[in-house]
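Undergrad: Taken in order, these protein sequences are the chains called A and B.
Heads up: the first sequence begins at 35 in this note's numbering, then just goes up one per residue.
Heads up: the second sequence begins at 3 in this note's numbering, then just goes up one per residue.
Hints listed in this document are in silico derivations from the structure and should not be mistaken for laboratory results.
Fair warning: there could be bad hints in the mix.
Which chain A residues stay away from chain B? Per the calculated CB distances, all over 10 Å, these [stated by the list, open to error]: (1) Ser49; (2) Val51; (3) Arg61; (4) Gly80; (5) Glu93; (6) Ile107; (7) Arg115; (8) Ala119; (9) Arg123; (10) Arg126; (11) Glu134; (12) Asp150; (13) Thr165.
Okay, derived cross-link-like pairs now, DMTMM-like style, lysine to aspartate or glutamate, Cα gap no bigger than 25 Å in a straight line [as the list claims (entries may be wrong)]: (14) B:Lys175 to A:Glu93; (15) B:Lys159 to B:Glu97; (16) A:Lys164 to A:Asp58; (17) B:Lys159 to B:Glu52; (18) B:Lys53 to A:Glu89; (19) B:Lys175 to B:Glu163; (20) B:Lys175 to A:Asp158; (21) B:Lys53 to A:Asp58; (22) B:Lys53 to A:Glu120; (23) B:Lys53 to B:Asp5; (24) B:Lys175 to B:Glu29; (25) A:Lys164 to A:Glu54; (26) B:Lys175 to A:Asp58; (27) A:Lys164 to A:Glu62; (28) B:Lys92 to B:Glu104; (29) B:Lys53 to B:Asp124; (30) A:Lys164 to A:Glu134; (31) B:Lys92 to A:Asp122; (32) B:Lys159 to B:Asp5; (33) B:Lys175 to B:Glu97; (34) B:Lys53 to A:Glu134; (35) B:Lys92 to B:Asp149; (36) B:Lys92 to B:Asp56; (37) B:Lys92 to A:Glu62; (38) A:Lys164 to A:Asp129; (39) B:Lys92 to A:Glu89; (40) B:Lys159 to B:Asp22.
Because the structure is a prediction, the values reported are computed rather than measured.
Even for Gly, the Cβ is constructed at its ideal location relative to N, Cα and C.
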Amino acid sequence: MSDEPLVGLVLVSHSRVLAEGTADLAREIGVGRVAVVPAGGDVDGGLGTSFEFVERAVEAADRGAGAVLIADIGSSVLTARTYIAESDRSVRFADAPFVEGAVAAASAAAAGADLDAVAAAAGDAYGHRKT
Amino acid sequence: MFDTRQAVAWIEASARLVRDDADRLTELDTAIGDGDHGRNLTRGFAAATEKIGDAATPRTVLTAAGSALVSSVGGASGPLYGTFLRRTAKALPDEPSVGGAELAEALAAGVAGVRELGGAADGDKTMVDALDPAVTALRDAIGDGADLPAAVARAAKAAEEGARATIPLVARKGRASYLGERSAGHEDPGAASSVLLFAALAEAAGAPS
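Chain B on its own, in the form it takes in the complex (with noise of 0.2 Å):
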């Protein structure tokens, strides 16, 4: 199961690890986009934490983080992230506990949401690339009798492995896309963030590290 406090922590610890890491994500973002990835991202969990306080249900937690990102981050990861957030709440029943096979369905929502905003495929190097394994994995974890916090770790696991394999691809979406060949060689960071976002999920469902 999957509840309100649980998803307080997830967005809490989103905001921790985005912020301990943002000047890895800066870096990355630097390389190949324009250096504010770790900085937006800070700034828009810092906003998105504010904001879940009074919510009473998973759904109301994410979609008032959603919001948060879209209204504060700045830069394209706002809206996606925020989209992530907000399809995945818009596919979860409004109860203060969720099943994790529901939990991975909306996931899976969040991600298609990111998908039709960003026109990104499999392989462009982006966020998705490490969201889309990372659901699937889960959703596999969960078919296979798996208990949500293994299967999460399945998951977070998954995007780590999916964000490593963005390096050598050349990019097709976003900013780095402008470098052609020149992209190559480096992690996508929307990609790397998304290791964070489930690494934080993890955390707050009780994974074993």
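This is chain A alone, in the form it adopts within the complex (with noise of 0.2 Å):
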């Protein structure tokens, strides 16, 4: 194992609840190594997105390799975008699932994937079929 930084991910969802579920998950998947930080619901702590959260997660999750934003629906999607566009740190938006996104990227960040590559496999998450 090298001690190289690996390439965290941020889940960016409406729901605090789904942001943290799916975080445990992709958690357990990256072998405890990997920094999944959620950022889910508003400031309020109803649904809905908050920059904020995403601009602490992003910071929480980049550990000098970058992080990758995973996002469900609508305005996460837009808010994730937004904080990329100005952010001056590594970082890449996956168009990916979300659930199976996070468990793709948290994998491959695992095993020490740079953040094109993670991003690329969260992404390839949406050709895995269930049947």
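Join these two chains into a complex; the hints should help.
TA: Here is the structure:
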């Protein structure tokens, strides 16, 4: 195992519970080595998206190798992409299904994949059939 | 000319018009969205008016207002209108007063930013269907030699017509797109709020009503 920092993940959801639950799952897949940080709900604790939560989550997830952002729907997607458009950090938006993408990204990040490869792994999850 | 005072007046009038029409926006959004557009925008523009007091140029007014929208709305309209105002600001010279043509070009850059972020094309039944005709009318009017108040009045009218034209459309972006054909017959709430933004700009620019 190298000591190089791993790519972190930020999970942006309308729902705090959905973001936290998906982060739990992804952390398990990332064998506890990948920083998976939820950014769910609005600042009042309701359903919605908070730019500030996204900012803070990226700060926590980026441990030197950057962070990949995965969002659920609507304003989560737009907020994540707005953040990325202005951020000076190494960040990528993954066009990916929320749960499957988070799991695939955590797996790739745990294996030491770089930022683009982690984002690509999340996107590839669109192709994982269940039948 | 469009100066700092008018830029502040634009944001303040937007806040008032959105608040006054919040119930109608929410009603439109309840029909084809998630029913929070009026409340979200009221909160966002209220936050925006609190952040623009110290701004010295139209550019800094619109940057501060846009950032406040992104941070405080909590729905898709926050990043979208926030990007609209900030991209507009970025295209303006940092002077206390800018020309009508400069403002028109900057607003066009703002609409381009909205398209880029949301990925909406014309006729997708989104705010772009009101914003784009408004900015086109503004540029055309300025190009024809109209002064800013008259040009903005034409822009506001074009926004209204654009929003009305969304009624029969089937949504292809946003939450309404999940409804498919059932989204037809309702005015798009984002287009409706864009009408208010241009009505506010007309008021701030001193357009004849």
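Undergrad: Each of the hints needs a verdict: does it hold here or not?
TA: Verification of the hints:
At roughly 13 Å, the least C-beta separation between Ser49 (chain A) and chain B is larger than 10 Å, which holds for a residue marked as non-interface. Look at Val51 (chain A): its CB is around 16 Å from the nearest CB on chain B, clear of 10 Å, so calling it non-interface holds up. Arg61 (chain A), annotated as away from the interface, keeps every beta carbon of chain B farther than 10 Å; the closest lies near 26 Å. The claim that Gly80 (chain A) is not at the interface with chain B is violated, since a C-beta of that chain comes within 10 Å of its own (minimum 8 Å).
With 10 Å as the threshold on Cβ separation, the claim that Glu93 (chain A) sits away from chain B holds: the shortest Cβ distance comes to roughly 16 Å. A cut-off of 10 Å between C-beta atoms contradicts the statement that Ile107 (chain A) is not in contact with chain B; the least separation is 8 Å. Not every Cβ of chain B is farther than 10 Å from the Cβ of Arg115 (chain A); the closest lies at roughly 6 Å, contradicting the non-interface assignment. Non-interface status of Ala119 (chain A) relative to chain B is broken: a Cβ of that chain comes within 10 Å, the nearest being about 7 Å off.
The beta carbon of Arg123 (chain A) sits about 17 Å from the closest Cβ of chain B, which is more than 10 Å, so the claim that it is off the interface holds. Residue-level check passed: Arg126 (chain A) sits 16 Å from the nearest beta carbon of chain B, beyond 10 Å. The claim that Glu134 (chain A) is not at the interface with chain B holds, since no C-beta of that chain comes within 10 Å of its own (minimum 20 Å). A cut-off of 10 Å between C-beta atoms confirms that Asp150 (chain A) is not in contact with chain B; the least separation is 21 Å.
Against chain B, the non-interface label of Thr165 (chain A) holds: every CB pair exceeds 10 Å, the least being about 23 Å. Simply put, Lys175 (chain B) and Glu93 (chain A) have alpha-carbon atoms about 31 Å apart, too far for the 25 Å limit, and the pair is violated. Of the pairs offered as hints, the one joining Lys159 (chain B) and Glu97 (chain B) is violated, with about 28 Å between alpha carbons and a cut-off of 25 Å exceeded. With a C-alpha separation of about 22 Å, the suggested pair Lys164 (chain A) and Asp58 (chain A) falls inside the 25 Å cut-off, and the hint holds.
Using a Cα cut-off of 25 Å, the hinted pair Lys159 (chain B) and Glu52 (chain B) is violated, with the two alpha carbons roughly 29 Å apart. Pair hint Lys53 (chain B) plus Glu89 (chain A) holds up; C-alpha atoms about 20 Å apart against a cutoff of 25 Å. Using a Cα cut-off of 25 Å, the hinted pair Lys175 (chain B) and Glu163 (chain B) holds, with the two alpha carbons roughly 20 Å apart. With a C-alpha separation of about 23 Å, the suggested pair Lys175 (chain B) and Asp158 (chain A) falls inside the 25 Å cut-off, and the hint holds.
As the CA atoms of Lys53 (chain B) and Asp58 (chain A) are separated by approximately 37 Å, the hinted pair breaks the 25 Å bound. With a C-alpha separation of about 19 Å, the suggested pair Lys53 (chain B) and Glu120 (chain A) falls inside the 25 Å cut-off, and the hint holds. Only pairs whose Cα atoms come within 25 Å are accepted, and Lys53 (chain B) paired with Asp5 (chain B) is accepted, the gap being roughly 17 Å. Restraint check for Lys175 (chain B) and Glu29 (chain B): satisfied, since their Cα atoms lie roughly 19 Å apart, inside the 25 Å limit.
Between Lys164 (chain A) and Glu54 (chain A), the direct Cα distance comes to roughly 24 Å. Compliance with the 25 Å bound is thereby established for this hinted pair. In summary, the hint linking Lys175 (chain B) to Asp58 (chain A) is not supported, as the alpha carbons are separated by about 31 Å, beyond the 25 Å threshold. At most 25 Å may separate the alpha-carbon atoms for a hinted pair to count; Lys164 (chain A) and Glu62 (chain A) meet this at roughly 21 Å. For the given pair, Lys92 (chain B) sits about 12 Å from Glu104 (chain B) by alpha-carbon distance, which is consistent with the 25 Å threshold.
At roughly 32 Å between alpha-carbon atoms, Lys53 (chain B) and Asp124 (chain B) are farther apart than 25 Å, so this suggested pair is violated. As the CA atoms of Lys164 (chain A) and Glu134 (chain A) are separated by approximately 11 Å, the hinted pair is consistent with the 25 Å bound. Restraint check for Lys92 (chain B) and Asp122 (chain A): the C-alpha separation of about 17 Å stays at or below 25 Å, so the hint holds. Proposed proximity of Lys159 (chain B) and Asp5 (chain B) is supported: the alpha carbons are some 22 Å apart, at most 25 Å.
For the hint pairing Lys175 (chain B) with Glu97 (chain B), the CA-to-CA distance comes to about 37 Å; that exceeds 25 Å, so the pair is violated. The straight-line distance between the Cα atoms of Lys53 (chain B) and Glu134 (chain A) is roughly 40 Å, outside the 25 Å bound, and the hint therefore fails. With a CA separation close to 23 Å, the supplied pair Lys92 (chain B) and Asp149 (chain B) stays within the 25 Å bound. Taking the CA atoms of Lys92 (chain B) and Asp56 (chain B), the gap is about 18 Å. The hint holds against a cut of 25 Å.
A hinted pair counts as satisfied when its Cα atoms are at most 25 Å apart, and Lys92 (chain B) with Glu62 (chain A) does not qualify at roughly 43 Å. Simply put, Lys164 (chain A) and Asp129 (chain A) have alpha-carbon atoms about 19 Å apart, close enough for the 25 Å limit, and the pair holds. Taking the CA atoms of Lys92 (chain B) and Glu89 (chain A), the gap is about 22 Å. The hint holds against a cut of 25 Å. A distance of roughly 19 Å separates the Cα atoms of Lys159 (chain B) and Asp22 (chain B); the hinted pair therefore holds under the 25 Å criterion.
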